[in-house]
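Here the protein sequences come in this chain order: A and B. Under our numbering, think of the first position of the first sequence as 17, with each following residue one higher. Under our numbering, think of the first position of the second sequence as 984, with each following residue one higher.
Note that these hints are calculated values from the structure, not bench results. Treat the hints loosely; a few may be bogus.
What the hints assert, rightly or not - Derived lysine to any residue pairs resembling SDA-like cross-links, with alpha carbons at most 20 Å apart: (1) Lys1650(B) / Asn1604(B); (2) Lys73(A) / Pro1130(B); (3) Lys73(A) / Lys1650(B); (4) Lys1243(B) / Leu1232(B); (5) Lys199(A) / Asp1129(B); (6) Lys161(A) / Arg1074(B); (7) Lys73(A) / Leu1232(B); (8) Lys1109(B) / Gln77(A); (9) Lys1267(B) / Leu1232(B); (10) Lys1085(B) / Asp156(A); (11) Lys1085(B) / Arg162(A); (12) Lys1644(B) / Cys1598(B).
Because the structure is a prediction, the values reported are computed rather than measured.
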Amino acid sequence: MQNLPTYSKLLVIGCSLLSWPLVAEVITDIQPLPALVKQIQQGGHVLYFRHAPTEPKTTDQNRQVVEGGFSVNYNDCSTQRNLSASGREVAADIKKQLQRLRIPIGSVASSPYCRAFDTAKIMFQQVIIDYDLAYSLSKDSAESKRLGDYLAAAIHSAEPLSSNSVFVGHSTNLREGLGVWPKPEGVLVVFKKQGSDIIYKGMIVPDDWQTIADNP
Amino acid sequence: MSFLNTLSIRERFLISPLIGIVLTLVLYFAANATIQSKVDLLTELNQSNLPLISEFSKSSIAMLKIHSELTYLLLVSLQDPDEETLYLGGRKIIDQLYEVEKNLYLHLGKSEQVMINQLDVNLQIKEAFSHYKKVVISSIELVSVDPREARAELIRANALLIQSYELLIVISNYYIDSVSKRTLMIEESLAGGSIVGVLTIMLMLVMIITSLYFARRMSSSIEIINNVMVRLANGEIAIDLPANSDKYLANSYAAVAIFKDTLQKNQRQQYELRNAVAELSNSKQKYFDLLDISASAIIVIDENMSITLFNKAAQNIFGYQFYEVVNISLFKVLDSSNTSQYLAFKKFVDDDSQKLMAFDTEAVTGIRKGGEEFFLHAFIAKQQSSGKMLITISITDITEHLLAKEKLLRNQDQLEELVKERTSELQQSLDELRRTQRRLIESEKMAALGGLVAGVAHEINTPVGIAITSSSQLQDLTEVIEQKYHNGSLSKKDLQKFILQIQSSNNINMLNLTRAAELINSFKEISVDQCTAEVREFDIKNYTEDILTSLRTKFQNTQHTISLECPDALVIYNIPGVYSQIMTNFIMNSLVHGFEHIEQGIIQINIQQCDGHICLNYTDNGCGMSQQQLDQIYDPFFTSKRSSGSTGLGMHIVYNLVSQKLRGSIKCDSEVDGGVEFNIEFPINVEEPPL
């Protein structure tokens, strides 16, 4: 029974570690756009891109029943809602702006969905597919939550120093994981880890890149 | 039936309850099985069909709800196409969709496979719902992007929803049908429940019948016993007892038999008792009659010493009539002045343990009517009769008896005087007789001695005579030779002849004189012993032979033989003179009396040592004696040869000598013409104390 305090401590610590994504607080600290650009130019941030705009009037087709809901066939982009032509342009433009602004880019992880992966490929040179960044909408509540939590944990565990860690994914996952709805397609959401908390610093919508370019 | 008879009463009484228990168990299981079958039906109904129908209904309602929410979401998207808002609404719908799907699949999994038109309805429902779900999700995905497209999806979803509904209605109908059927079955089986009722009634009937049967069966034997007992108790003793075939009622039957026997005995005893009572009344009357005619005077008194009975004899003795003494104190007729007697009497009356008392050693004084006193003996008996104490006094008048006794005592004194005188006279006669006896013994001794001397003289006479003859012949021859010598005509031949004659004569002399000397020696020994009672050691065999030698002359001209058997060198320490006289008497008796008419008499003497004693057996084959003679043989002066000069003291002396001098015993056996046998036993050492 003398061990009880020890066990209790271990239990508390263990629970804290395991449940940190649930307790981790997202502190909103919206930065003005120029300041935000400056901050991401210095690295040390997590940049979450929602995939670029997609073809209207289309949805994912031929959904397969998987554990926790439906999934698309990742290898067959024809059955998915894909980037529209303008969406590809948006992505290419963002790539230019990123390069122009010398925003340092570290690791890039992308959803396996074609529209996300295509966006990432347009923007960045090296992309890793992370299947847990898949679109959570068609999943059941448990799986949807799990994917959200995973994204939150992944953002929290990224340790960018001089560069920024990049995730390319979908709107619903971010909303599930960090309570932030990225809008519209192609938007960049900026986070900064601070201790156990994540600071939400603001979004840069595709149109903002033109503004930034216009006001250097 | 025989099985029943082997059971004990208790076991028989247990049969009915046991059958009851068994039947109840049968009923229980039957009812249980029936109930269980219904419960199973109900359970089945409850577990599957009805819940499934309701679950399907629930799913339908949930789907309807989802669809209406989706429709609402779409409407909202048309007005406020905010992606996040639409997402949150959509997310909720999707979650509900998955939930509905989960429940639906779960219950479809529970459902049996329902085939309609060779199609699996369950599978069709799953496919339709899955399809519907996809379209709904697509619709939600589109809603934030393109509400118009989303509306188109919604219309598709509508169609799929209807399809799902139709299928659900199909399966629900199927289950409703099934429920109806089962309900019908339950109703039917409820009708079957009446079987339990019938079974119950039947089992109860069986129980009642078996109970009645066993009750009747068990009580029949007891009833028989009961009837017999009642009849016996009512006095019908002559009835026959029923035969028993029941092992465990054997004791009861035996008890009834014993009861009957007891009743019969009682009846006999009652009869005997009545007789006895009658006899008793008789004997009571007889007793009173007897009391009156009894020679003894009998007085009965009560506890207060008052006279209640005074019989005739008592009236005679005391001179009172009964009416004169009835209820008068006893001490009017008995003297109470003797204190010790009075106290003893009072003590007897008060002491319950004493029943009988006698005043027979000491005379009690009675008082006659005239006041005259007399003596009496009284026996007093005490008895309880009907709680009252009665004392019966039996009285004997002993006045005359006492007088007679007194007279007797006086006579007795005179008699004693007379006896003394007679005794004195007798003593004198006895003394005289003894003196005579002694004289006779002496004279017998002298007679024996005389005989002996005559015998001795005769014995010695022969050799001495021969010696004298021989000597006188030699004297004659000597004179002849002397004459021849003086004549000178003595020849050598004459001398030789004379020498031979001398030698022959000398031999004869020597022989006969030696014989004479021997005889004298032996006679001397006997004669000396006869005279003396000297105690000395002697060889009994040699001594007996000497005695026989001394008596040889008596047997000289007869054919009688004497044989002696005796161990050699048996030396005894005793009185030889006495022994010699005993043997002489035996032999002379045999010779004189036993062999009187017998030519070849045989005397056998057997002497043996037995246990420190000498056992001498003397037998002859003479004429023997009659029993009368045998009884008198030791009496003095008894003889059958008085005329021949016998004194009749011989055996008397022998008896005295054996018993007094030798300290031994003598026994004689004889029969007429059967010879005589004497057995003498006397100690080897006469001076040792007798055994």
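Each hint, compared with the structure:
1. Lys1650(B) / Asn1604(B): Between Lys1650(B) and Asn1604(B) the Cα gap is close to 17 Å, so the pair holds against 20 Å.
2. Lys73(A) / Pro1130(B): With a Cα-Cα distance of about 9 Å, the restraint between Lys73(A) and Pro1130(B) holds, given a limit of 20 Å.
3. Lys73(A) / Lys1650(B): violated, 178 Å
4. Lys1243(B) / Leu1232(B): Satisfied, since the Cα-Cα distance of roughly 16 Å is no more than 20 Å.
5. Lys199(A) / Asp1129(B): holds, 15 Å
6. Lys161(A) / Arg1074(B): Since the Cα atoms of Lys161(A) and Arg1074(B) sit roughly 11 Å apart, the hinted pair holds (cutoff 20 Å).
7. Lys73(A) / Leu1232(B): Roughly 109 Å separates the two Cα atoms, so the pair is violated.
8. Lys1109(B) / Gln77(A): holds, 19 Å
9. Lys1267(B) / Leu1232(B): violated, 50 Å
10. Lys1085(B) / Asp156(A): Given that 20 Å is the threshold and the Cα spacing comes to 10 Å, the pair holds.
11. Lys1085(B) / Arg162(A): holds, 18 Å
12. Lys1644(B) / Cys1598(B): Holds - the C-alpha atoms of Cys1598(B) and Lys1644(B) are around 16 Å apart, at most 20 Å.
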